[in-house]
Every structure is written in C-alpha cells, then in structure tokens.
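Participant: What follows is the residue order along each chain.
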Amino acid sequence: MKDTVTDVISFEQIEELIEWVNKIHGFDFSGYSRASLKRRITRIMQLQQLSMYELKSLLVNNAAFFEEFLIEVTVNVTEMFRDPSFFRGVREKVLPYLSSFQRIKVWNAGCSTGEELYSFAILLDQENLYNRSFLYGTDINRNVLNTAKKGIYNLKLMKQYSENYMLSGASGSLSDYYVAKYDAATIVNNLRKNILFSVHNLVSDGVFNEFQLISCRNVMIYFDVELQSKVINLFYESLCPLGFLCLGSKESLRSTELSKKFKVIDRAENIYQKIG
Amino acid sequence: MTEQKIFIRKLVEPGNLTKNRFKEAKVVVIGCSAGGFTLVFDIISKLPKNFPLPVIVVIHRSRKHKSSIEEILNTKSKAMVKVASEKDQLKKGNVYFAPSDYHLLLEPDGSLTLDSSEPVMFSRPSIDVTFQSVADVYNEQVIAILLSGANSDGAEGICYIHQKNGFTVIQNPDSAEVRTMPEAAINRCNADLILTNLEIFSFMETLSATINLAS
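Those sequence lines, one after another, are chains V and U. 478 is the number of the first residue of the first sequence in our numbering; add one for each residue after it. 280 is the number of the first residue of the second sequence in our numbering; add one for each residue after it.
Hint data in this document are derived by calculation from the structure and do not stem from the laboratory. Check before you lean on any hint, since a few could be wrong.
[Claimed, not checked] Only pairs whose alpha carbons sit at most 16 Å apart, straight line, appear in this in silico EDC-like list of lysine to aspartate or glutamate:
(1) V:727 to U:456
(2) U:366 to V:714
(3) U:343 to V:746
(4) V:582 to V:556
(5) V:727 to U:367
(6) U:343 to V:701
(7) U:302 to U:453
(8) V:737 to V:714
(9) U:370 to U:386
(10) V:727 to V:701
(11) U:289 to U:471
(12) U:343 to V:714
(13) U:443 to V:484
(14) U:366 to V:701
[As the list claims (entries may be wrong)] Selected chain V positions facing chain U (Cβ under 10 Å, derived; list incomplete):
(15) 507
(16) 510
(17) 516
(18) 519
(19) 521
(20) 555
(21) 644
(22) 667
(23) 699
(24) 706
(25) 707
Just so you know, even glycine gets a beta-carbon here, dropped at the ideal spot from N, CA and C.
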C-alpha cells in the first residue's frame, strides 16, 4: 500500500494563518487567492523546514521574518517591457493623449522591484515627456522597494529585456538607459530623478494623489472578486478625468460595475480610460 | 472490439474498484510538452459528447507566438474549449487550456486562478504546478494524464496526484514522440495505467461512459 501524503499546510490552516497575520501585523490577506497562498506558504515551510507552530511563532516574535514572509507569499516576478505589445499600445494610444496634460503623474501599483516603472520612465523619455512627469512606484513590501530604489539589476537579464524593448517598438537601445559594470546594470541617474518608491497597501490604504496614468498589472489576478472591485474603485478615485488605467494581459474590467465608467482604449492589452 | 478496448473495459467491470474511482472523479488534467501537441488535439477533438468532467490542459508553449489551438478545437470538438481566464468556474464538459506565460491554479471553490510567478522547470505554465494545485483541492478525485514531452516537468505533479490516491495515466514512452517526460514520471512513481495513444482514446470513452451511466 502506498503512503498518502498529508499537506504541509491545509486550506483550513491557511484561514487560521490569515486571521493570525491580520491580528498581529494588520495585513489582511483574506481577499487573496487561497491556491496561491497555499503554494507559497508550503514553499516557505518546506524550504525552512517549519511546522505550523514554528511558522506562527516566527511570525509573532520576529519582525524581520515577517518582511521575508511578505516577499515569499506575494509574487514579485517582473520584467522590463514585459508584454512588448502592451508598451507599444501605451506608446501609440496613450502617450499622445498624455502629452496634452501639463503634468503627468504615473502610479505603478504593486511595482515590486521596479522594472515596469523604469520601463514607463523610458517610454516617457522617448516621447520627450519625462521632464514634466512624476512616477510613483508602490508595493506592500519594503525589501522589493529597496531593490527598486537602487535600480541595479542583473546584467544577464538585460538581454531578455532588450529583446522586449525592441519588440515594443522603442527607438535606440535599452543600453542607453543603464550603465553596465561587472555583472550589474544600473539605471542611469537621469531616469531616476522624477521617481519615488514608497510603501502602499492596496487592501488597506487609500487615495494619495491624483494620476494621469495608473498601471497595475498581474497584481489583481491574486485577488478575489470583492477585493478586485474595491481596488478598481480606488484606481477610479485616484485618476483624473480622462486618466488611463492599465491592467495585465489576462485582467479586465468586464465583470465589475465600474467598467461603465471606463472606455476601452485597447481591448487586447487591457488599457482603459476614465470617462464617467 | 480491439485489444485496447478490451483492456480498458476490464477496468470498469463489476467488482473492479477503478469504477468507483472514476465515478467520484471531479476533474481530468492533461499535461504535455514537445511532441504531445497533436495527441492532445486529437484527444480533445474526439472528446465524447456530454463528457462528464471538466478538463484542464497544460501544454508548454512559447509566449512569443500567438496560437489559436483553443479556437480551432472549439469548432472541432463537441466540448466547449477555451483559454482559461482568471475566476473561470470549472464546468463539466468544458476544456480549459492554461494560457502561455501564466501558471494555472485551482481554488477550493472550483474556480481558476492565473499566476505569474517564476517558471518551474523552465516552464510557465508548468504542469507540476497545476497538477499539484488540482490535487490539493480534489485529492483522490483527480484523473491525471501525462503525455509526450522533452523535460521532466509533470513527473513530480503526476506522482503527487498518485500519492494522494488520484488516478494516474502516463503515455507509453514507446508511443510518445518525445519520451523524456513520460519516462521521468514512470521512473518516479507507479502510475495506474501506461497507455498507447489508441488506448488513451478508449480510456477517455470508457471514463465518460462509466460516469454518465452511473449518474
């Protein structure tokens, strides 16, 4: 007879942990995908060989561990110019509009390590809009924001990013925007002067500025329907009239009632404009 | 009746416990990579009418090329075939393909989640990821089929399903175009069945007939 595996952490225990984390750290994960949480927490417990009890006590007693836990349970995978056709869409359909604004404020929500925000900065620079733009990158996680602020990436990754960059229809070369040294690529200072990274939690924090463009891609796929509408409402409130909202390639506004207040700019790339 | 069909039929004869495992199943998951594409295409386009379970398919494919396999299959097959969208609720008789560049996860409420985390075994979508996620929700009520492929993604996933007492089928490496994937799985755990391509078609028919007869 074969052995049956027992789960490292069951769905019931996930619920317990969500409640626990909310009580102790004020982070509410109740709107997050259980399948994703289970997968991520299982991985932490396996890697560090933790029992449920040990995981709980680390979460209570060790503040540094909680930051680590936050990184591990949230997905921080990002690229420069990920989905090149999306950036092409922004360049062709959004930037001509944006250029009519005197000040262009961009919010990249759930920016992780910053690659997407720097991609937007490059896009704006190429259309000579950067000097009147200001870009905010926010995430719930301090550690990824520190990486974003440094703007130093593995040089090896730049090969893939350059390919994305070319496919997005950008002119020149991505290497105009970074300095290569040893095996690191550092984003040039000129591109960083109008950028601010800071902590913001989409679940619990509110409007903090008015924006002409908000990009939040591959973040809400992990949220349940209720939390998705709440966050889209936050974006709606944060956009100026005729401001733009960019979602991930598999995300859309179709199912929310707020969709009536947005116009579709690019169906395939999920780019919307606030009209209501 | 062909030899294959007799072989498969034996599984659901009175007294054979496999029959009950079929009847209690909630989902069929299929994984494949290099060389498995045509077979998946045939399995789905030949899917019997009123197939009694939802089917999830994970194939490795490049994000650089748009493919329209789901659209073609949707017109060819009797089943509804689509690229999985986030929050899709699994329905019996429907076929869901994992989109390129995302992992596909199953929620406890039977809805699908797309996940953009790191590739696993150089693959996104990864077969392991989906198989494990589906087994975490439905445990022994999973029927998994692993086909031809050029890496060992899927081996861990199908063995996880096996450990959870799900029903596991692996394509016979001799009839697979690329044998690495099925072979890796066979080396790792004892699947319930190792089938040739023809046997896989009869398996799907038998599965469908057994469940539909019981309900």
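Participant: Compare the structure with each hint and give your call.
Facilitator: Checked hints:
Annotation: proposed proximity of residue 727 (chain V) to residue 456 (chain U) is violated, straight-line Cα distance about 32 Å (limit 16 Å). For the hint pairing residue 366 (chain U) with residue 714 (chain V), the CA-to-CA distance comes to about 25 Å; that exceeds 16 Å, so the pair is violated. Of the pairs offered as hints, the one joining residue 343 (chain U) and residue 746 (chain V) holds, with about 15 Å between alpha carbons and a cut-off of 16 Å not exceeded. Of the supplied pair hints, the one linking residue 582 (chain V) and residue 556 (chain V) is violated, its CA atoms being roughly 22 Å apart against a limit of 16 Å.
As the CA atoms of residue 727 (chain V) and residue 367 (chain U) are separated by approximately 12 Å, the hinted pair is consistent with the 16 Å bound. A C-alpha spacing of about 29 Å is found between residue 343 (chain U) and residue 701 (chain V), which places the hinted pair above 16 Å, so the restraint is violated. Between the alpha carbons of residue 302 (chain U) and residue 453 (chain U) the distance comes to roughly 30 Å, so the proposed pair goes past 16 Å and is violated. The hinted pair formed by residue 737 (chain V) and residue 714 (chain V) meets the criterion: a straight-line CA distance of about 14 Å does not exceed 16 Å.
Proximity of residue 370 (chain U) to residue 386 (chain U) is assessed by CA-CA distance (about 14 Å); at most 16 Å being required, the pair is judged to hold. Pair hint residue 727 (chain V) plus residue 701 (chain V) holds up; C-alpha atoms about 15 Å apart against a cutoff of 16 Å. Note on residue 289 (chain U) and residue 471 (chain U): the hinted pairing holds, with a Cα-Cα distance of about 13 Å set against a maximum of 16 Å. The straight-line distance between the Cα atoms of residue 343 (chain U) and residue 714 (chain V) is roughly 35 Å, outside the 16 Å bound, and the hint therefore fails.
Note on residue 443 (chain U) and residue 484 (chain V): the hinted pairing holds, with a Cα-Cα distance of about 10 Å set against a maximum of 16 Å. Under the criterion of a C-alpha separation no larger than 16 Å, the hint pairing residue 366 (chain U) with residue 701 (chain V) is consistent with the structure, at around 8 Å. The beta carbon of residue 507 (chain V) is not positioned within 10 Å of any beta carbon in chain U (closest approach about 14 Å), and the interface hint is therefore violated. Hint status for residue 510 (chain V): holds, given a least beta-carbon distance of 5 Å to chain U, under 10 Å.
Interface hint at residue 516 (chain V): satisfied, since its Cβ lies 7 Å from the closest Cβ of chain U, which is below the 10 Å cut-off. At a threshold of 10 Å, the smallest CB-CB gap from residue 519 (chain V) to chain U is about 9 Å, leaving the interface hint in force. Here the hint on residue 521 (chain V) is broken, as its CB sits about 13 Å from the closest CB of chain U, past 10 Å. A least Cβ separation of about 9 Å between residue 555 (chain V) and chain U falls short of the 10 Å threshold, and the interface hint therefore holds.
Checking residue 644 (chain V) against chain U by beta carbon gives a least distance of about 9 Å; that is within 10 Å, so the hint holds. A cut of 10 Å between beta carbons decides the hint on residue 667 (chain V): the least distance to chain U is about 30 Å, and the hint is violated. Among the interface hints, the one on residue 699 (chain V) holds; its C-beta lies about 7 Å from the nearest C-beta in chain U, closer than the 10 Å criterion. For residue 706 (chain V), the suggested interface contact is broken, since its CB lies about 12 Å from the closest CB of chain U, more than 10 Å.
Given the 10 Å rule on beta carbons, the hint for residue 707 (chain V) is violated: about 15 Å separates it from the nearest Cβ of chain U.
Against the hints set out earlier in the document, violations occur for numbers 1, 2, 4, 6, 7, 12, 15, 19, 22, 24 and 25.
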